[in-house]
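Engineer: The residues making up each chain are set out below.
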Amino acid sequence: MKEERLIQWLLLIIALSAISVLALITLFIFKEGLPIMVKVGVTDFILGRRWSPGKGVFGIFPMLMGSLWVTGGALLLGVPLGLAVAIFTTEFAPPYLSAAIRPAIQLLAGIPSVIYGFIGLTVLVPWIRSHLGGPGLSVLAGAIILGIMILPNIISISEDAIRAVPKEYRDGALALGATHWQTIWMVVLPAARSGIIASIILGMGRAIGETMAVIMVVGNAVKVPCSILDPTRTLTSNIGIEMGYASGEHRQALFATGIVLFFLIMLLNTAANIVIRRRSR
Amino acid sequence: MRFDPRTTQKVVKVLVWASALLTLAILLFIIVYILWRGLPMVSISFLTENPTRMGRAGGIFPTIVGTIALAAMAVLIATPLGLGTAIYLTEYTRESAITRLIRFGTECLAGVPSIIFGLFGFVFFVIYLELGWSILSGGLTLACMILPTIVRASEEAIRAVPRSYREVSFALGATRWQMVTTAILPSAVPGIVTGVILGIGRCVGETAAVILTAGSSLRLPTSLFSPVRTMAVHFYILAREGISMEMAYGTGAMLIVTILLVNVVVNWLIERLIARRRA
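Chains A and B, in that order, are what the protein sequence lines are. So that you can map any letter, position 57 of the first sequence is 73 in the working numbering, and since no number is skipped, the others follow by simple counting. So that you can map any letter, position 20 of the second sequence is 69 in the working numbering, and since no number is skipped, the others follow by simple counting.
Where hints are given, some of them may not hold.
[Unchecked claim] Distance condition first, Cα-Cα at most 25 Å in a straight line; then the derived BS3-like pairs of lysine-lysine: (1) K239/A to K55/A; (2) K59/B to K55/A; (3) K71/A to K55/A; (4) K239/A to K71/A; (5) K55/A to K62/B.
Derived by calculation from the structure, the hints in this document are not laboratory data. Bear in mind that the values here come from a model prediction, so they are computed numbers and not experimental data.
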């Protein structure tokens with residue numbers, strides 16, 4: 017029995033590895049980034065509009081706005097499309113089609129982000145440049161690519177939520193003479209609301225955190241975009257581009273950018289968790 | 050103004066059909082476009098030769114080696130940890146504050162963006178532990194990244210093993226650990242393997258975390274401390290620095306082929322699992 021207790025303790029230690037990694041990540045990102053954030057001043061760092069690492073001026077407001085614009089655009093495109101697909105597969109699709117769509121969505125989730133970025137760079141960006149004007153590398157390009165990348169998150173979680181709605185709800189609505197769509201719109205979707213919201217929040221997290229695809233299509237100019245055809249730079253692309261050659265305070269400022277990103281992601285994850293938990297009650 | 054419900058229903062039906070077809074069309078376009086432009090580049094020599102002139106010519110052999118080395122390293126580290134976590138959560142404890150903490154940690158880790166893993170791997174493994182840009186640093190970083198995937202898949206697989214297996218095992222006088230190793234794990238293998246393969250898929254496609262921790266050297270690695278460049282990183286550098294679009298398409302095609310392979314295997318495993326559960 018002594019052996020059994022040993023195994024139990026070992027397994028407990030192993031089981032704590034995920035939370036330990038999370039703690040280490042937090043510790044090391046803060047250790048590296050916090051000093052420069054304090055030195056510049058947290059508000060100046062977050063609301064500062066100038067980023068000139070050579071002169072020791074670090075303000076990430078343009079990147080924060082860049083992330084928000086691109087993510088907002090991605091949600092505007094990805095949420096309606098994703099929801100429509102989820103409604104299609106759960107309510108309208110003939111069985112053979114919903115069986116075909118499931119692995120397709122899984123594949124969409126598995127395609128590496130550099131491939132999405134590459135498609136954006138070689139197909140989307142030239143198209144925007146010649147048809148809509150501007151440099152092509154733009155908020156719009158980033159929003160479209162991210163909109164596609166968050167589809168699997170939105171579709172799979174919303175699907176689960178819609179499937180979990182009890183059959184009696186539907187039967188009740190249909191018995192009252194509602195059309196299929198009225199049933200979906202007035203009964204099924206409201207009942208699945210929290211799962212759908214969670215899917216949107218998680219999709220938002222994916223969009224804000226995405227790096228490589230975004231670097232390749234948004235142009236990375238440090239400025240607050242005025243139109244969707246302007247280039248921009250996001251929090252993630254700021255880190256991804258400059259990390260390769262940064263040192264000293266510059267590198268610390270990139271870690272501080274990471275702190276802001278990490279904070280936003282944790283906020284979104286917690287929100288999604290709360291929404292999901294409320295549903296299960 | 051109110052619309053006739055029947056008309057609305059028809060319009061909606063058209064819209065959701067169009068959305069589904071659009072999504073499938075996007076997926077098909079991405080895959081066909083890359084394969085169509087890239088596969089003509091792929092040949093035996095493309096896969097087995099070293100690149101020359103920074104990747105403008107030659108093959109991609111070292112990046113294939115780099116990809117395999119990193120994915121293998123990550124899986125070797127993450128699988129025992131992930132599986133152990135799953136065994137602990139399902140067989141060795143009840144729901145408590147500790148399990149909630151473990152689940153919370155796993156869930157949060159799953160949401161952390163890869164660039165943050167890259168930053169962490171860079172300060173912790175590359176600098177603090179002095180492992181440098183290497184297979185070891187990159188593999189450890191990727192292991193942290195795929196840990197939640199493996200925990201989730203293993204936990205699901207273990208929970209799906211019928212209660213009766215456990216009861217029979219205990220009735221025969223097995224200890225808990227004997228029960229786990231002889232009764233639970235053998236029937237949970239396909240599910241666990243599914244998680245591992247999904248993890249491999251993520252490692253193969255990952256760029257941000259790898260470029261910051263494993264470096265981007267085009268030389269063949271000689272030890273675990275050698276820096277490597279993976280296919281995904283090679284693809285990114287070729288395309289972004291405009292070194293060679295042809296070589297980028299070729300490397301991209303190999304990435305897509307690998308991911309397709311991963312998906313086919315995973316689907317086959319899942320189908321087998323479902324078939325077995327029905328039987």
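Engineer: Going through the earlier hints one by one, which of them does the structure break, listed in rising order?
Structural biologist: 2 and 5
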